[in-house]
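Residue strings, one per chain:
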Amino acid sequence: MKKLLIRILVFFALIVVMNWVYSKWFYEKDLQKYSDIVNLSRHVVEDSCRIIYLGESSNHTCGWAENDKRKISDMIWSYFPDIRCGDITKDASHAQVYYNMLKIIPKESSVETVVVTMNLRSFDAGWIYSELETALQKQLVLLKDYPPLVNRFLLAFKAYPIRSKSEWNTMAREHRERERLQFPYDFEWETTGQWDNAMMKQGVVDSLGQRDDALTSLACTYISTYAFLIHDDNPRVKDFDAIVDLCRERGWNLVFNLLAENVDKANELVGEDLVYLINKNRDYLVQRYGSLEHVVLVDNLDVVRDASFIDRNWTTEHYYAEGRQIIAHRIAMALLHNKFIK
Amino acid sequence: MVFNSIEYVIFLPVVVLLFYLLPQKSRWLMLLVASCVFYMWFVPKYILILFATIIIDYSAGILMEKHADDPKKKKTYFVISVVSTLLVLFIFKYLGFVNDNFVWLCQKLGLNVRTTVKIILPIGLSFHTFQSMSYVIEVYRGNQKAERHFGYYSLYVMFFPQLVTGPIERPGNLLRQLHEHKEFRYENISQGMRLVLFGLFIKMVVADQLGAYVDLVYANPSDYNSWSVMLAMVFYSFQIYGDFFGYSTIALGSAKLMGFNISDNFRTPYLSKNIAEFWHRWHISLSTWFRDYVYFPMGGSRVKFGRWVYNIMVVFVLSGIWHGAAWTFLLWGFAHGILHIVEKSLRDRCPIKETRPKWLNISLDIIRVIKTFVLVTLFWVMFRAADFANMCDIFVAAVSNFGGGEQLTVAPSVWLYLGLFILSDLLLFNSRFDIWCEGKCFILRWFIYAVFLFMVIACSNVDNFPFIYFQF
Chain A
1 MKKLLIRILV FFALIVVMNW VYSKWFYEKD LQKYSDIVNL SRHVVEDSCR IIYLGESSNH
61 TCGWAENDKR KISDMIWSYF PDIRCGDITK DASHAQVYYN MLKIIPKESS VETVVVTMNL
121 RSFDAGWIYS ELETALQKQL VLLKDYPPLV NRFLLAFKAY PIRSKSEWNT MAREHRERER
181 LQFPYDFEWE TTGQWDNAMM KQGVVDSLGQ RDDALTSLAC TYISTYAFLI HDDNPRVKDF
241 DAIVDLCRER GWNLVFNLLA ENVDKANELV GEDLVYLINK NRDYLVQRYG SLEHVVLVDN
301 LDVVRDASFI DRNWTTEHYY AEGRQIIAHR IAMALLHNKF IK
Chain B
1 MVFNSIEYVI FLPVVVLLFY LLPQKSRWLM LLVASCVFYM WFVPKYILIL FATIIIDYSA
61 GILMEKHADD PKKKKTYFVI SVVSTLLVLF IFKYLGFVND NFVWLCQKLG LNVRTTVKII
121 LPIGLSFHTF QSMSYVIEVY RGNQKAERHF GYYSLYVMFF PQLVTGPIER PGNLLRQLHE
181 HKEFRYENIS QGMRLVLFGL FIKMVVADQL GAYVDLVYAN PSDYNSWSVM LAMVFYSFQI
241 YGDFFGYSTI ALGSAKLMGF NISDNFRTPY LSKNIAEFWH RWHISLSTWF RDYVYFPMGG
301 SRVKFGRWVY NIMVVFVLSG IWHGAAWTFL LWGFAHGILH IVEKSLRDRC PIKETRPKWL
361 NISLDIIRVI KTFVLVTLFW VMFRAADFAN MCDIFVAAVS NFGGGEQLTV APSVWLYLGL
421 FILSDLLLFN SRFDIWCEGK CFILRWFIYA VFLFMVIACS NVDNFPFIYF QF
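As you go down the protein sequences, you meet chains A and B in turn.
Take 1 as the starting number for the first sequence in the working numbering and just add one per residue.
Take 1 as the starting number for the second sequence in the working numbering and just add one per residue.
Certain hints may be false.
[What the hints assert, rightly or not] Each pair of labels, with its calculated beta carbon distance range:
no., chain 1, residue 1, chain 2, residue 2, range
1, A, Asn-338, B, Val-9, 15 to 25 Å
2, A, Gln-137, B, Leu-346, 20 to 30 Å
3, B, Ala-411, A, Asp-233, 43 to 53 Å
4, B, Ala-411, A, His-43, 38 to 48 Å
5, A, Val-10, B, Gly-419, 23 to 33 Å
6, B, Ile-435, A, Ile-6, 19 to 29 Å
7, B, Ala-389, A, Ser-57, 32 to 42 Å
8, B, Phe-42, A, Arg-178, 14 to 24 Å
9, B, Val-98, A, Ser-57, 23 to 33 Å
It is worth saying that the hints were derived from the structure and are not from the lab.
The beta-carbon is built from N, C-alpha and C at its ideal position, and this holds for glycine as well.
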């Protein structure tokens, strides 16, 4: 027994020493190699930013022929030329990534207000089970709250979801086949999967009454993307809750930027049933996050019209300058009205 | 579940703890459930195929024993069992290959045949079917009593440490041990943990780090100069060795934690002086399987030269096909067979003179070891290449691009890992890491553990490199 006890003690002593060695000589190199998103947060701290904007591709995507190629965040900052501001933009990111980026920023930093992108699509199974998740989750492992050696251990032993594209797609499909849609009136289909299949069979007809395959495919994409209901157990809800708690703990003001979706197109291609679900989800988010202290939710969901969306055959939140400007203006006004700018 | 995953890091201690906490009579059930969980972690439905094989071979064993006095009936049950097991293997592993070649042939003959077969190979199918077959053969030969307990037999086929990549066990070793009462012994835990640690080191630090360079070159061989291509060929030799040896060592260690001794699968194969010795040291459980169940029944080496050549070629070509349903694997087996025959013939004609001075014998041995390594490395190209065209590209790039092309830049740390691996291989010549550690003082042992543990955690390749032999 004594022999065993000595070995256990030696083992733990070794772990402590190894953690010290790893933290001192290896950790930073690994961070740069496997979790370089850490630099995005570090930059805003180094630049002594007071307001930071966290977003995904919607922040920087612009039309190739546009003269005004400014990001949404830059457009916001133009309202506050005397204040140091910065953005953390990472494509395909979502609330969990934002939370981890914010966690890196120390309480003692000059940050006062954070604007966090809230993308309605990110609550959908298609994004939750996106093939990009493997790479994103891998980047977050070294940023966990454990000692650096433990984080490296988790990374070495692949403590993140490793799945192929088809496995992710299957998970999304199964989720859509499982989740029940709820309407206050009788609705023909019980799940998103059924609705999607029905649309594919039925098809969208053009002005001549002919089936338009391209439009049908787009309509199906709208259904599979927006036909869902956000519940309390949605992983994104938990992540946004965690962001709220973190900001409260750090004493930061928080602005949620509920991004504009192409509601016009949804209505045109699929109809009011889909718009009902979109609005129902918006109501859920406004209700949950709109009335908290030091938290403002800017509801931009339907403020951008169809013509301002760049992508015509896919569901994205990529806007031309006009759309980006509308969103930026509303965020800037929210910052001013709520006295988040001192 | 794979050995180098966080799931296994949790799974293994839980299983070992339960194993020692439970009474002997319920251990088999716990191990069987654990093995099912382990296997179903990959693709759950494939367990049905595994159970189908188990039921057929379990029943065949009992029926053969029951009709021991009736050779005709006994043989019928034996044939049914072997054919059905091989049929499962054929459908899942070779049907697609046969179909593709059939379609190709028909198209060459001007026939319009376009059938497609897309079946995903269940993980480890070749391993557990061979293990199951070894039981049936042993029972048929009367060397093994038929197992009456379905649970123990299922566990023999499904024992999780060696379920998906071997070693391919014999009933005389594993099935017997499953019935034994295993007491908790500190030595078993200590040896088991050493083996697991060493296995993780060679898989995660050595094999996976080398794998990154190998993948780069094999993906676009013409982009690299000949030196880089040759380096990638050498790296692959160590990658596949580290990968498979690593897996087998973790398997050995995992079993040892519960007091089970499963067979060694490797014995420093790259220190072999000829190809015959290489096969005595590489994937030993498969080599001995083919030796005992194919080569010896065909007459082995106690036949005329022509028949012996035939026997050797059959065994090596079968071994090649066993690895994978592709012409490259067949060619790989064929090449090994030819080399084996050539070497044996030369040895018979020019026997080693014992009167030579010792230094000369040692020098010649070193040359022989290098020669064997070079040839085996060349043959691994057939094994690794994605297809026939890729194999040709590699060989062409290795000899025709000395002047141009990109130079493969290898991180200094990777040379260090490879150097450590080679050093450990030399130190462990005809030994095993857990046994080698026994004689060392406490401080040296723990220093080695600390170095390996630190490297596994801090220096391993974090990209996902599945175990190479999983595909078989």
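How the hints compare with the structure:
For the pair Asn-338(A) and Val-9(B), the supplied restraint of 15 to 25 Å is violated, since their beta-carbon distance comes to about 48 Å. For Gln-137(A) and Leu-346(B), the hinted distance range of 20 to 30 Å is not satisfied, since their beta carbons lie about 56 Å from each other. For the pair Ala-411(B) and Asp-233(A), the beta carbons lie near 44 Å from each other, so the given range of 43 to 53 Å is met. Look at Ala-411(B) against His-43(A): about 28 Å separates their beta carbons, and that is not inside 38 to 48 Å.
Look at Val-10(A) against Gly-419(B): about 27 Å separates their beta carbons, and that is inside 23 to 33 Å. Taken as a hint, the range 19 to 29 Å holds for the pair Ile-435(B) and Ile-6(A), whose Cβ atoms sit roughly 22 Å apart. For Ala-389(B) paired with Ser-57(A), a C-beta distance near 38 Å keeps the hint of 32 to 42 Å intact. A hinted range of 14 to 24 Å holds for the C-beta pair Phe-42(B) and Arg-178(A), which are about 23 Å apart.
A C-beta distance of roughly 47 Å is found between Val-98(B) and Ser-57(A), which places it outside the suggested range of 23 to 33 Å.
Checked against the numbered hints given earlier, this structure breaks hints 1, 2, 4, 9; the rest are met.
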